[in-house]
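Colleague: As given, the protein sequences belong to chains A and B, one line each in that order. Taking our numbering, the leading residue of the first sequence gets 206, the next gets one more, and so forth. Taking our numbering, the leading residue of the second sequence gets -17, the next gets one more, and so forth.
Check before you lean on any hint, since a few could be wrong.
[As the list claims (entries may be wrong)] Each computed DMTMM-like pair below joins lysine to aspartate or glutamate, with the alpha-carbon atoms no more than 20 Å apart:
#1 A:213 with A:250
#2 A:213 with A:234
#3 B:147 with B:108
#4 B:190 with B:204
#5 A:213 with A:243
#6 A:329 with B:146
#7 A:329 with B:175
#8 A:329 with B:60
#9 A:329 with B:148
Since the hints were made in silico from the structure, they are not lab data.
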Amino acid sequence: MSSAIAIKGTRDGLLLTLGDGEMDHLLAELQSFIAKQESFFRGGEVVLRFNEHKLASRDVMRAMGMLDRFGVSVRAILGRGADLSSIEASAETLQEDETAAPRIEFPTQISSLVSEASSGILVKRTLRSGQSVNHTGHVVIVGDVNSGAEVVAEGDIVVWGRVRGIVHAGATGDETRCICALALAPTQLRIGNRIARSPENKAGRTEFGPERAFVSNDQIVAEEWH
Amino acid sequence: MAARILTVTSGKGGVGKTTLTANLSTALAVQGQRVVAIDADIGLRNLDVVMGLENRIVYDLVDVVEGRCRLRQAMVRDKRLSELYLLPAAQTRDKNAVNPEQMVELCDGLRPDFDFIILDSPAGIEQGFRNAVSPADEVIIVTTPEMSAVRDADRIIGLLEASEKEAMSLVINRIRPEMIRREDMLNIDDVLDVLAISLLGIVPEDEKIIISTNRGHPLAMDNHSSAGQAFNNIAGRIMGQDIPFISLDKDTVLTRIKRFFGA
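Same shape as in the complex, but just chain A (with noise of 0.2 Å):
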């Protein structure tokens, strides 16, 4: 994915930042972006955001187009950088404040957009035994997290790669968080104050597709993800 491109996954839908650039070009690099995950984003609704600072109705009009053809709605346009005041379109407009800090406030009916615990931190490797990684907010592990590694975090946890080791969402008695990982082998799974252990199985061999982890019927139980 091209860095003028900025995706990010919410509760309630998708938010597509268009970075800095030539707009020709940032349009290019969306269309690509959408055609190569087509089935994906068909039917589906975006937040549309733009970072640009010269922003024309044309502009913005080419890009609903363009996700229009792709059989993707455009919930609302969230100028950043861009200045929106000249736009007409047949989203709902809102200007950001771009000095604001990260923590972006929408108006009642998208607010649901950002989740609540929205510091989330990004760890780009897998993390061996012994280390651990601890946070207030969600976490996001790119890597495995081998046997005595551990995570904890009060939001939600998702690893994308194998756990092995302990990992505690909702740390501080939130029951409603989730673990998501692409193998769950944990040797311990915590959500909120409920501890789970994985079902015996001979040598942690069998192979399981990616997995979420939730309380249900006060029980930590998990799910394949489609």
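With chain A fixed as given, assemble chain B onto it according to the hints.
Modeller: Below, chain B alone, put in the same frame as chain A:
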């Protein structure tokens, strides 16, 4: 050319660090390299026994560091190979007798005169480990295909990565191909999946090791044993040769017939 300094470590005890150090040093010396093996396991020294040199020790590493003798006086020449030396540890002291800076200085003093300096690390992650690893240019991590050894190796790798000792490679020791086939033992890929560093060598379980360490006669001198062959391969790879890993399949009449029929 100045020496390469390799430290052999593992985290877990008993996985074969000392045996590897002795055999690797021997194998390199047999190939004409000038090698000094240093026992960094102060208080629990074993490298001298495994190399068969225990009754030739007059001074040791701690004597050198504390200035009671010159470095050369403490070095014991191998009884078979003239280019192989041992710098033994002290048995009557413990790991706090030296610190990492002193180890680095000592090894730097040896660099000009040797091709390889190989340090045998103690088990653990404390001072002894730090002493052994500080001078290293490259670290060889030894593990066996067992969950407990792999977890300890992972911890060690994490500590090494954090202290920027990034030139690491792995030796998987005491492999039993039969147990791997029955899936009673972790296979090579399982281990590499967790540890994710480059594989330097694999050594099969071999009874002859016990005999060789008791007698003080490193197996690398004997090419008829599978472990000895493996140690020689490891030495070759360290010197840059491209040697394929030994096959773990027993080539029996049955497997040859199966291959013939394309099974």
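Colleague: If a hint holds in the structure, say so; if it does not, say that too.
Modeller: Structure-based check of each hint:
no.: 1; hint: A:213 with A:250; in the structure: holds, 13 Å
no.: 2; hint: A:213 with A:234; in the structure: holds, 16 Å
no.: 3; hint: B:147 with B:108; in the structure: holds, 16 Å
no.: 4; hint: B:190 with B:204; in the structure: holds, 10 Å
no.: 5; hint: A:213 with A:243; in the structure: holds, 17 Å
no.: 6; hint: A:329 with B:146; in the structure: holds, 17 Å
no.: 7; hint: A:329 with B:175; in the structure: holds, 17 Å
no.: 8; hint: A:329 with B:60; in the structure: violated, 48 Å
no.: 9; hint: A:329 with B:148; in the structure: holds, 17 Å
Hint compliance for this structure: hint 8 is the single one not met.
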